[in-house]
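Chains as they are written, first to last, in my numbering: chain A, 453 to 573; chain B, 173 to 831.
Heads up, some of the hints might be wrong.
Reference excerpt, derived from the structure (chain A facing chain B, CB under 7 Å, subset only) [claimed, not checked]: (1) V554; (2) I558; (3) S562; (4) I563; (5) F568.
Calculated from the structure, these hints are not laboratory results.
In this text the structure is predicted, and so the values were computed from the model without any measurement.
For glycine and all other residues, C-beta sits at the position ideal for the given N, C-alpha and C.
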Amino acid sequence: MRKAPEDPTLPGESVEIPLLAPHLSTPHFPARQIAGYVTSLILTGLAFALVAYRLLPLSTLLIVVLVLAFIQAAIQLGVFMHLREGRGTTWHLPIIGLGLFVGLGIVGFSIWIMLFKSGVS
Amino acid sequence: MHSWLIHLIKLLFPPQVLLPDIIGIDIGLTLSALAIVVYLTKTHRWGWLWKEWLTTVDHKRIGIMYIIAALIMLFRGGVDALMLRSQLIVPNAHFMGAQQYDEVFTTHGTVMIFFMAMPFFFGLFNVAVPLMIGARDVAFPRLNAISFWLFAFGAALFNISFSIGGSPSAGWFSYPPYSELQFNPGVGENYYLLALQVSGIGSIATGINFLVTILKLRAPGMTLMKMPLFVWSALVTSTLILFAFPPLTVALGLTMLDRLFGASFFTLGREGMPMMYANLFWIFGHPEVYILIMPAFGIFSEVVPTFSRKPLFGYEAMVISLLAITFLSYGVWVHHFFEMGAGPGVNVFFGLSTMLIAIPTGVKMFNWIFTMWGGRIRLTVPMLWQLGFIPTFVVGGASGVMLAAVAADYQYHNSYFVIAHFHNVIVGGTVFGLLSGLYYWWPKMFGWKLNERQGRWAFAFFFTGFWLTFMPQYFLGFEGMTRRMASYPAGLGWGGLNAMSTIGAFIMGIGFVILVYNIAWSRLHPEWDTTGDPWDGRTLEWSLPSPAPAYNFARIPEVHERDAWWSLKQAGKTDAVKLSPDQVEPIHIPKNTPMPILLAASFFVGSLGMVFSWHWMAILGGLGVVASLAWGSIQDDTDRELDPASVLNTEKRLGRVHP
Chain A
453 MRKAPEDPTL PGESVEIPLL APHLSTPHFP ARQIAGYVTS LILTGLAFAL VAYRLLPLST
513 LLIVVLVLAF IQAAIQLGVF MHLREGRGTT WHLPIIGLGL FVGLGIVGFS IWIMLFKSGV
573 S
Chain B
173 MHSWLIHLIK LLFPPQVLLP DIIGIDIGLT LSALAIVVYL TKTHRWGWLW KEWLTTVDHK
233 RIGIMYIIAA LIMLFRGGVD ALMLRSQLIV PNAHFMGAQQ YDEVFTTHGT VMIFFMAMPF
293 FFGLFNVAVP LMIGARDVAF PRLNAISFWL FAFGAALFNI SFSIGGSPSA GWFSYPPYSE
353 LQFNPGVGEN YYLLALQVSG IGSIATGINF LVTILKLRAP GMTLMKMPLF VWSALVTSTL
413 ILFAFPPLTV ALGLTMLDRL FGASFFTLGR EGMPMMYANL FWIFGHPEVY ILIMPAFGIF
473 SEVVPTFSRK PLFGYEAMVI SLLAITFLSY GVWVHHFFEM GAGPGVNVFF GLSTMLIAIP
533 TGVKMFNWIF TMWGGRIRLT VPMLWQLGFI PTFVVGGASG VMLAAVAADY QYHNSYFVIA
593 HFHNVIVGGT VFGLLSGLYY WWPKMFGWKL NERQGRWAFA FFFTGFWLTF MPQYFLGFEG
653 MTRRMASYPA GLGWGGLNAM STIGAFIMGI GFVILVYNIA WSRLHPEWDT TGDPWDGRTL
713 EWSLPSPAPA YNFARIPEVH ERDAWWSLKQ AGKTDAVKLS PDQVEPIHIP KNTPMPILLA
773 ASFFVGSLGM VFSWHWMAIL GGLGVVASLA WGSIQDDTDR ELDPASVLNT EKRLGRVHP
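With the hints as extra help, turn the sequences into a complete structure.
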């Protein structure tokens, strides 16, 4: 395998956040990844079924689907994006912050922009 | 004949692909393909093609393949443009029918943006960025090859649409409800959706790849603020790609669900919301135009100091303005649809944020001019494109600020004024920049220079043609000509301006022909670059021989100053890049692998299955994708070690070893 170059310029060795403390483990069987994959599939299927068959009233449905989405995002970040496996975990914080800023910004702005529809239809 | 066979033939060859000009092109393409096959077979080059190019993971070769593909796509998009302009040269012309006209402007826009401009600068990133930061390759070489092949097969998928099944016809941004099944029943829109989706995966991967490369693989001593500006532009472009492409993926994916699986996200009725597509598309689309222009800014920031023999004026301001444009470009997308009716609050917010972008862009303009001020300017071809860029882009930028004024935009919207504006910035900015970069880095790619005299002619024709084409279009906009008109009646006073515009387009076409001639002529009469530094350059790529060896740097250089190579030359220490025999180390380089091309070919097969709703074929392609990925994951033997003796031999041959 290619050797990862040592990079002394990244900050983060000095500050540790318990939640983001690095877990550098490489087990042979990728149990965590498979569990994450199956959980993601179940969560997606659940959300799809809830919407397709209208199993809940609309307001509850929105909240439940949102909660499912956030759980899945956390699984993606934790299992597949190796959030807790890198060195320099504080370096992740501004990047995740930027992602949240852009993501929530897009959602918030889109709602604001598309609200006009309630006035015309 | 069996009825299913008749049905199949009707599906593959609807009336719109049976026009005489398209059949003529089909025959021409088939003959060219046969000629290439015969040539490769006669010269026994199939093995060479497979081993040296199709399976390569070397960033320099991937860069060259990107650029060749982009030039071919520039030709295709250019021919589309000339067809459009031929139709409009006189009132009431019927060179093409309205349906074909719609198809041609759709493919012109889509090809130029997704399959010409983007791969062109991906190619230049690949060629230059690793060499500029003192790296041996990009961070993920195999992923890099995957990106290229996804782009190539995506482009192929899009381009076969005009001879098999019919081209898309809903414009490059493909607004619903017109792009929905109800109004657009053929397979053309499916081609658009799938081709962009496949090449989009490649673009996102390229963004990630260059982000990691630039953050992690810089030579020791090269801090962020010592990076060349082109590397900075690659960094911000990659960031933009990473955040901008996912909304496009979503918009295309939902439209695909509408068309293929009977969903109703954007349909008329059934609670569909067509304007939501516009919203999602432009969340991608506006950052996209900055994705297109930032690399050009980076190229000019290298070209201007080199040919003015001065360091870049206001380096810090240049970096800050790049970051400011990156940030602001996410907050302007509504200016593409002010007329939707969102109300004054929304429109004023997005109008103001759009105008704000003019400030950092103006800073950059002044900095390039101040860099030239008092410098010893050499009027080489890359510099000519830069000098052409400054007035062109200023006009395009100023008309952009005019469009940002919401009340006035109600007049300009959907008129030729908009066409003139965005060609002014995309051709005058992006294309001029890319061609400048092409001439600038050409010797580094191939080891020989492009002829300067022919290059100046190409520039002269392209530049003159450009102004003649697009300036009249501003006035056509003022006179009320709307975009995408397949024809127009006489007596509206549009004839003269349209004729000028068409003549200009053909002059640009001549410029392109001269460019191709320039490349072919220079290949046959090469002016070899023996020094590796033909332009008296400033950055690290010019410290290497042209073309660079497979491993780029036998020893990773140490960087102390901003223009690392220039400072070595000033201090008379250019020997520092040479090796002593005892310094040679073994070098790890990645092995070639056919996995990327197989993966992308599977995507192609699967997507074609989706386009025609042949589910067995889609599943087959999907299985191919999974199999390629699985095979790629279990490969252990992914890199090889160059032993010190062979490295030393190569370096000796290049004259880079201390005696």
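Hints versus structure:
Satisfaction of the interface hint for V554(A) is found here, the shortest Cβ-Cβ separation to chain B being roughly 5 Å, below the 7 Å cut-off. For I558(A), the interface hint holds, since its Cβ comes within 7 Å of a Cβ in chain B; the closest pair sits about 6 Å apart. Interface hint at S562(A): satisfied, since its Cβ lies 6 Å from the closest Cβ of chain B, which is below the 7 Å cut-off. Nearest Cβ of chain B to the Cβ of I563(A): about 10 Å, over the 7 Å cut. The hint is violated.
Of the supplied interface hints, the one on F568(A) holds, with its beta-carbon coming within about 4 Å of a beta-carbon of chain B, less than 7 Å.
Consistency note: the structure conflicts with earlier hint 4 alone.
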